[in-house]
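Protein chains in written order, with our numbering: chain X, 1 to 154; chain P, 155 to 314.
Keep in mind that the hints were calculated from the coordinates and are not lab data.
Remember, predicted model here, so these are calculated numbers, not experimental data.
Treat the hints loosely; a few may be bogus.
To be verified - Which residues of chain X face chain P? A few of them, derived with a C-beta cut under 8 angstroms, are: (1) M31; (2) V33; (3) E117.
Said to hold, decoys possible - Below, in silico cross-link-like pairs of lysine-lysine (DSBU-like), each with a Cα-Cα straight-line distance of 35 angstroms or less: (4) P:K189 <-> P:K302; (5) X:K104 <-> P:K302; (6) X:K104 <-> X:K145; (7) P:K306 <-> X:K105; (8) P:K306 <-> X:K145; (9) X:K144 <-> P:K189; (10) P:K302 <-> X:K130; (11) P:K302 <-> X:K145; (12) X:K144 <-> P:K306; (13) P:K189 <-> X:K145; (14) X:K130 <-> P:K189; (15) X:K130 <-> X:K105; (16) X:K144 <-> X:K104; (17) X:K105 <-> P:K302; (18) P:K302 <-> X:K144; (19) P:K189 <-> X:K104; (20) P:K306 <-> X:K104; (21) X:K144 <-> X:K130; (22) P:K306 <-> X:K130; (23) X:K105 <-> P:K189.
Backbone N, C-alpha and C fix where the C-beta goes; we use that ideal spot for every residue, glycine too.
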Amino acid sequence: MRLTRRHSSEIVEGDMTPMIDMAFQLIAFFMLVINFSDTEQDQRITLPASVLANPPDAPYEDPLTIHLTEQGQFIFGGVLLPSLDDLHNALLQETQIISRRTDKKLADVTVIIRGDEDARTGAVQEVIAKCQELNFERFALRGKKAEAPTIRSP
Amino acid sequence: MKIRHADRREQIVLQMTPMIDIVFQLLVFFVFTFKIVLPEGDFNIRMPAATGDSADPSETPVIRVRLRAGENRDLAAVEVGDAPLTGANPFGQLQARVRGMVDDSAGPGTSEQEVEIDADYELRYRYVIDAITAITGYIDPATGEQVKLIDKVRFAPVSR
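Here chain X stands alone, though its shape is the one from the complex (with noise of 0.2 angstroms):
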């Protein structure tokens, strides 16, 4: 009996197949999932959790948003300002820049304060009070989205 053997001299290729389906699969997901809005989270800050704390149906136009840390230390603009007065300098720049670049008026500027579920409540006060000295009127105070219910019915 002979056997002859063959010597196949051909490229051998893998099957790519499944590997680009898999990566466009993940392509696909993250193109689902990418959020490009300029949301502004912070790490560091836990906000307090409500049920009834629904995302905004519409965005607000050009907020302010200021963090407050546990330690009562203040976030703007992604600076930490230590104390309150460098916060009142830095909002005053801003208010200087709305007023001399658009035409709106302070009082319509919507400003986010995400306060740390720890934080004193009085500085969150604080914080509204000095906004209310440079005339800005509209708060809105964040919340993380709660799935259990946070207040129990008596």
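Please arrange chain P on chain X, whose structure you already have, making use of the hints.
Chain P in isolation, oriented as in the chain X frame:
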């Protein structure tokens, strides 16, 4: 002259490499720009600076909700007007009280009633949000929809 038509019967292999390169580029882009956005919502309050004038006499009287801080900055007591709410579940009682005032049996409350929250300086902020939640509305367990109670909430001036 003799023209030779070379009969090529080789299999045409599509070049997959550039496509896979681009696919991975895209994948890497989307992975890096991916950020988890948690659902957040707002309680809108409108608080113009106090002008010093006395309140409009035609206004319905403001309900004052007092939140007292106790040990470790936790909630010690809740008072509506001057009446303290006792028991382990003060915000549930507060909500029941507000529902009684607004009378939402005929539908969502469109009350002109205003609530002023007077909280201690040191109180943890979460209790204020709980109080605002109790005052502004509730989720109807039957329909799962939000029922509004009192929209107008404001803070009392800061007291140390």
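- Message: Tell me the hint numbers this structure goes against, listed in increasing order.
- Response: Of the numbered hints, all hold.
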